[in-house]
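First to last, the protein sequences are chains P and Y. Going by numbering that gives the first Met the number 0, the first residue of the first sequence is number 0, and it counts up by one from there. Going by numbering that gives the first Met the number 0, the first residue of the second sequence is number 0, and it counts up by one from there.
Since the hints were derived computationally from the structure, they do not count as laboratory data. Backbone N, C-alpha and C fix where the C-beta goes; we use that ideal spot for every residue, glycine too. Mixed in with the good hints there might be a few duds.
What the hints assert, rightly or not - Sample of chain P residues at the chain Y side, in silico, Cβ under 10 Å: (1) Gln-169; (2) Asn-183; (3) Ser-220; (4) Ser-222.
Said to hold, decoys possible - Stretch-level coverage of chain Y by chain P, calculated; a stretch enters the list once three of its residues show a Cβ under 8 Å from a Cβ in chain P: (5) 61-75; (6) 101-115; (7) 119-127.
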Amino acid sequence: MSRGRALALMVMIASLITPLITPLPTHADPLPSGTGFLSEDLQARQADEAANPGMLWVDEGARLWQSPQGATGASCASCHGDATTSMRGIATRYPAVDATSGALLNLEDRINLCRTRHQKAEPYPYESDPLLGLTAYVARQSLGLPMDVETGGAAAPFYAAGEAFFHRRQGQLNLSCAQCHDDNAGRSLRGDTISHGLGNGYPAYRLEWQSLGSLQRRLRSCSFGVRAVQFDYGSPDYLALELYLAKRAQGVAIETPAIRR
Amino acid sequence: MRLGGKLLSGAFWLLAALGSQNASGAELLPYTVRNDSVPAPLGGLSGDPRRGRDIVLDRRRGNCLICHSAPVAGEPFQGELGPPLAGVGSRLDAGQIRLRLIDQSRISPRTIMPPYYRIEGLRDVDPAYRDRPALDAQEIEDMVAYLRTLTD
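Let the hints inform the model, and build the full structure from the sequences given.
Here you go:
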């Protein structure tokens with residue numbers, strides 16, 4: 000083999016294997032929050048506490064935080080004191096596995112567990128104003144802090160289930176979450192711009208709902224959109240999916256209560 | 000007689016409901032794929048382009064403009080996830096369009112375009128839509144007829 004041809008061969012081999020040894024993107028940069036896809040007007044309303052309608056629920060949550068509940072007559076404040084310090088950063092770590100039961104809990108579930116375990120009170124139903132209010136109030140204490148959930152150890156199987164859910168085609172329209180929120184983020188689906196499908200603004204005030212709503216309510220809308228099963232509130236399927244979404248949002252600042260269309 | 004009339008219309012309603020369940024039930028009409036095409040109309044039905052246009056625009060049926068644009072006036076928010084439908088009638092013949100509506104994934108396995116005349120291999124379908132295709136054979140043929148008219 001001539002020198003020239005050997006060189007050409009080496010260059011060819013190098014060009015073939017280079018893509019294999021180039022490090023994969025590490026996702027060191029956080030994905031952009033859905034807020035950036037809103038009109039400037041809505042972004043301004045979200046940022047202004049006096050104009051953001053979600054703050055009504057946060058205020059209600061602040062009231063409930065102090066209110067004695069259940070057979071023990073304890074309030075959240077009886078155990079946790081001042082939420083502005085004790086709850087700061089908590090929402091960045093949810094969903095999380097509860098060490099006692101081994102179950103994966105989102106923030107709503109954690110609040111309801113405190114009600115049944117410590118206040119000896121009935122759990123609040125999903126999407127009820129008290130549960131939305133307390134969830135939004137607790138999450139609001141992490142405003143601006145980056146999401147940072149645990150996905151190893153006891154959380155690993157839940158994370159794997161959520162990741163699989165996100166990537167599998169579903170429903171009569173046969174689309175996966177990833178096909179919209181990874182492959183087509185930033186492009187418009189009729190009037191909407193598809194975001195990366197992050198949960199960092201939830202519970203969020205959706206104009207379409209005229210109300211605050213949980214992340215699971217938003218997930219049910221996307222399932223409905225592809226004519227797929229809308230899993231029950233609190234179902235293991237959506238909980239695992241919430242954990243995967245929270246990891247996707249690693250490093251993204253909490254913006255509860257966000258405004259969404 | 001009012002009561003009789005009510006009973007009668009009730010019975011008609013039931014028959015109509017059963018009929019439509021049969022028409023769009025688990026049994027799809029058979030078809031033959033040749034290369035990238037289904038040359039023969041489903042069930043030998045003939046399509047009506049005016050109805051086809053309505054189905055393409057109807058958000059509860061085709062809802063195609065969520066992903067595509069089409070040369071129709073008065074539709075402000077048109078989709079951009081799929082290729083524009085303008086000119087599709089000169090790019091593709093009827094059989095090629097038919098297969099793409101039946102199941103685009105036979106041509107491009109990773110496509111985001113939903114399969115409109117397929118029931119197998121779908122997962123977690125909402126019970127309200129289970130065991131029937133997204134659109135029925137007549138609707139597919141109507142859309143084929145309409146898309147064939149989009150020649151420029």
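Tested hints:
1. Gln-169: 4 Å, holds
2. Asn-183: 6 Å, holds
3. Ser-220: Since chain Y brings no Cβ nearer than about 13 Å to Ser-220/P, farther than 10 Å, the hint is violated.
4. Ser-222: 8 Å, holds
5. 61-75: Per the Cβ count (3), the hint holds.
6. 101-115: As far as the segment 101-115 of chain Y goes, the hint holds, because 4 residues have Cβ atoms under 8 Å from chain P.
7. 119-127: holds (count 7)
Of the numbered hints given earlier, the model fails hint 3 alone.
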